[in-house]
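All residue numbers for the sequence shown refer to the working numbering, where the first residue is 95 and numbers rise by one.
Worth flagging that the hints you see were computed from the coordinates, not collected in a lab. Idealized CB from N, CA, C, for every residue including glycine. Please note that the accuracy of each hint is not assured.
Stated by the list, open to error - Derived pair list, reagent style BS3-like, types lysine-lysine, alpha-carbon separation capped at 25 Å:
id, residue 1, residue 2
1, LYS235, LYS169
2, LYS199, LYS169
3, LYS176, LYS199
4, LYS199, LYS181
5, LYS235, LYS181
6, LYS199, LYS235
Unchecked claim - For each label pair, taking beta carbons as the anchor points, the in silico distance ranges come out as:
id, residue 1, residue 2, range
7, PRO206, ILE273, 22 to 28 Å
8, TYR251, MET111, 15 to 21 Å
9, GLY174, ASP149, 25 to 31 Å
10, VAL97, THR118, 26 to 32 Å
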Amino acid sequence: MTVAIEARADMLKAALMFISREPTRYYLGGVYVDPAGLAVSTDGHRMFVGALVPDDERATLPAFDGWTIPGEALKRALQGFKPPRGKVDPRITISPERVGDVACKPIDGSFPDWRRVIPEAAAMDGAAAQYQGEYLADFDKAAVLLRGDRRGQCRVYQDGQNPALVSFGERGNYTGGPIRVPVPAFGVLMPLRDLEGVKPPFTALSILKRPA
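Please take these sequences and the hints and turn them into a complete structure.
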């Protein structure tokens, strides 16, 4: 049986930011539709996971095998997607054969076991780490999109040289009411392997000092 899901367009747009562009990692070059009703994407350095439908709808989704939507097909479909005016929770139909008005085939390749890289919150010690600035900026862009406002401030929960968790905060609920709810998505971010730690090898005042 072919499944068709009325998926949140903003989740797919956010997930598209984190796919791999490396030809050798072609199996990561799209957004994985997980059987739990989640959109998952990763380039091996960071990962995005978001709910494609609200929890009450996820519970009633039919059983299906996951598939990976090619990035280019998803990009074309989202560019041509025009939701009804005033729609609070814009949806786009996805299936293994089609995304919106764009026909496509799933990427031929197994998506990795993404759940095994998610940190256990209870085991995280909050130790500081260094992160790629570009990756942090992308998570902030995703926060702007998912929260529906300009305060694109993601929050990074650090764990030293272990993967960090990224939260996107809260947004107005999808039904348009005044109540704010947690964004049903998260990220995982790998730290830079900085053997020198986070203490700078200089002082700011020494740089500002006039040379002798």
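Cross-check of the supplied hints:
1. LYS235 with LYS169: 16 Å, holds
2. LYS199 with LYS169: Holds: LYS199 and LYS169 sit about 14 Å apart, inside 25 Å.
3. LYS176 with LYS199: Holds. LYS176 to LYS199 sits at ~22 Å (cutoff 25 Å).
4. LYS199 with LYS181: Violated, because 29 Å separates the two Cα atoms, which is more than 25 Å.
5. LYS235 with LYS181: Roughly 22 Å separates the two Cα atoms, so the pair holds.
6. LYS199 with LYS235: It is violated: about 28 Å lies between the C-alpha atoms, which goes past 25 Å.
7. PRO206 with ILE273: 22 to 28 Å: This hint is violated: roughly 36 Å between Cβ atoms.
8. TYR251 with MET111: 15 to 21 Å: 20 Å Cβ-Cβ, so the 15 to 21 Å window holds.
9. GLY174 with ASP149: 25 to 31 Å: At 29 Å between Cβs, range holds.
10. VAL97 with THR118: 26 to 32 Å: 30 Å, holds
Violated hints, in rising order: 4, 6 and 7; the structure is consistent with all others.
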